[in-house]
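J.: Residues per chain are reported as follows:
Protein chains: 4
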Amino acid sequence: MTAHMSDSERFERLKRFFNNRDRLCKCLGISVIEIGHGTASTHMVIEDKHLNGADVVQGGAIFTLADLAFGAAANSHGTLALGVNMTIAFSKPGLSGELTAHARETAAAGPLSTYVVEVKDEAGETIATFQGTAYRKRDKIDLSAWG
Amino acid sequence: MTAHMSDSERFERLKRFFNNRDRLCKCLGISVIEIGHGTASTHMVIEDKHLNGADVVQGGAIFTLADLAFGAAANSHGTLALGVNMTIAFSKPGLSGELTAHARETAAAGPLSTYVVEVKDEAGETIATFQGTAYRKRDKIDLSAWG
Amino acid sequence: MTAHMSDSERFERLKRFFNNRDRLCKCLGISVIEIGHGTASTHMVIEDKHLNGADVVQGGAIFTLADLAFGAAANSHGTLALGVNMTIAFSKPGLSGELTAHARETAAAGPLSTYVVEVKDEAGETIATFQGTAYRKRDKIDLSAWG
Amino acid sequence: MTAHMSDSERFERLKRFFNNRDRLCKCLGISVIEIGHGTASTHMVIEDKHLNGADVVQGGAIFTLADLAFGAAANSHGTLALGVNMTIAFSKPGLSGELTAHARETAAAGPLSTYVVEVKDEAGETIATFQGTAYRKRDKIDLSAWG
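These protein sequence lines map, in sequence, to chains B, X, H and W. In this text, residue positions in the first sequence follow our numbering: the first is 1, and each later residue adds one. In this text, residue positions in the second sequence follow our numbering: the first is 1, and each later residue adds one. In this text, residue positions in the third sequence follow our numbering: the first is 1, and each later residue adds one. In this text, residue positions in the fourth sequence follow our numbering: the first is 1, and each later residue adds one.
Just so you know, not all the hints are guaranteed correct.
Pairs count within a copy or across copies, as identical chains cannot be separated in the list.
Stated by the list, open to error - Below, a list of computed lysine-lysine pairs in the DSS-like style, where the Cα atoms sit at most 27 Å apart: (1) K15 / K49; (2) K49 / K137; (3) K26 / K140; (4) K137 / K92; (5) K92 / K120; (6) K140 / K120.
These aren't lab readings, by the way, just hints derived from the structure by calculation.
Let the sequences and hints guide you as you build the complete structure.
T.: Following this line, the structure appears as structure tokens:
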């Protein structure tokens, strides 16, 4: 069935797949809001459960927000991509309100692809910059259950 | 009071601080099990809430496990250290049982310090390799509440 | 004197400083071609001395090209910035002709700033994606000798 | 012929290959001094051509030193490994004398392997910490010319 699916239908199903099946993201209130060709956006609203001992958002929550955007963008081409290496640089603390992450593909050639993700707060200031490399398998992603 | 505290007492209080105040780690069942001079170990038992859409441990959970070991090691010297940059490379999926992370300081000079963290499964195989850089402030960590 | 210098004059002097004083880049034929506010571009023409055992450009040459763009961008604000952490992901081999790198600032707050650098070949395809974090000191860069 | 080669003979030939064929390393005076199972060491003596505008060793030279150790270790198993992602954290400036890098494999499973490299100065202090991920092809490395 997936062979006849439009890109926009595929992106919609992939979004549903992530938002229903990624249990860590569900536990943390992190969700995919948009997927395009080699791009994706995610968001979360800061809650008490995201904080560290210094009462700011724990790096692991920001990493997970960025990583989900990276994962959604890397899998936007319809074949399975696995995250193999990620780097994150923190610029300022996440304090309150909504955080959003936007992933953009910088390269996709052969078995590897690379993405840059910027995480911003409500004021539009960059909280973190993330770079991820994915290993691309030839397997098609089965989205037949997510129509 | 902290001036008269032994190192082992300080490590014990720091562990209590992380395990009580880091709400993301509490939410995810991640805890510090040991702190030494520039070293720390953390662990978690894999649960359904840690999994991604492929039914293996989400990278964000493994990152958080490694990051807590990094953070505990970086703060083991008694002055405040903030994580500024982290890299993680994934080697094999986390499937079930317990994961442990061990952080070791490779350099601490001037305002920056660097750590290597290895995350292993119960079979002792490396799940992920993590490298973190911390920015060291001069502020003492107040552990007076954690005796 | 630097107090009365225009931004464009400062960028020009900074470019002269890098292109005259960075001996590794001179040795490798790498130079800064443009500096702006938080941005910089560098280039090199591939020569035999840049190649590795597989007859493609050695990763260290591409890293140095990206790192110079990062360093020039990080120092574009007039105060000294030191590179503390860099990550590079390689997408395809550099074979021949000219390579260019362009650095863009994603965040500059407090003592740290972060940059994304994309390295491209003559066909405009991405060879490597680089992320760098700099530690910003308060010292002014003395460019009085480079007028 | 390679089928009957002992490991120590293979390590010796691989070292000869790198030290003769990697033209960037030859240009910079960087060489492999030892290769083992998943390990390798490299060294360089600091010269004027390695310096940056601040008269300390340019990050690109230290990266190349670490990257060669990583590359030699990743290729020590006899099949071709390509570096895909590297991270380097700088701890203190390289000023004079000899620098050495030692690479150690932390994981090798499936198509990827990961290495930690520590770069030290003559006093044994860590200059930089490096982490590298390699993509492992099935192709044998032909060392027949390096006996």
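J.: Is the C-alpha distance from K26 to K140 at most 27 Å within one copy, between copies, in both cases, or in neither?
T.: Within one copy only: 24 Å inside a chain, 37 Å across chains, cut-off 27 Å.
J.: Can you tell me if K15 and K49 fall within 27 Å by alpha carbon in one copy, between copies, both or neither?
T.: Both: 24 Å inside a chain and 19 Å across chains, each within 27 Å.
J.: Between the shortest in-copy and the shortest cross-copy C-alpha distance, which are at most 27 Å for K92 and K120: within, between, both, or neither?
T.: within (10 Å within a copy, 30 Å between copies)
J.: State whether the alpha carbon distance between K49 and K137 is at most 27 Å within one copy, between copies, both, or neither.
T.: between (35 Å within a copy, 26 Å between copies)
J.: Given identical chains, is K137 near K92, meaning Cα to Cα at most 27 Å, within a copy, between copies, both, or neither?
T.: Between. Shortest inter-copy distance 15 Å satisfies the 27 Å Cα cut-off; intra-copy 36 Å does not.
J.: Taking 27 Å as the upper bound on the Cα-Cα distance, should K140 and K120 be classified as within, between, both, or neither?
T.: neither (32 Å within a copy, 30 Å between copies)
Violated hint: 6 only; the structure is consistent with all others.
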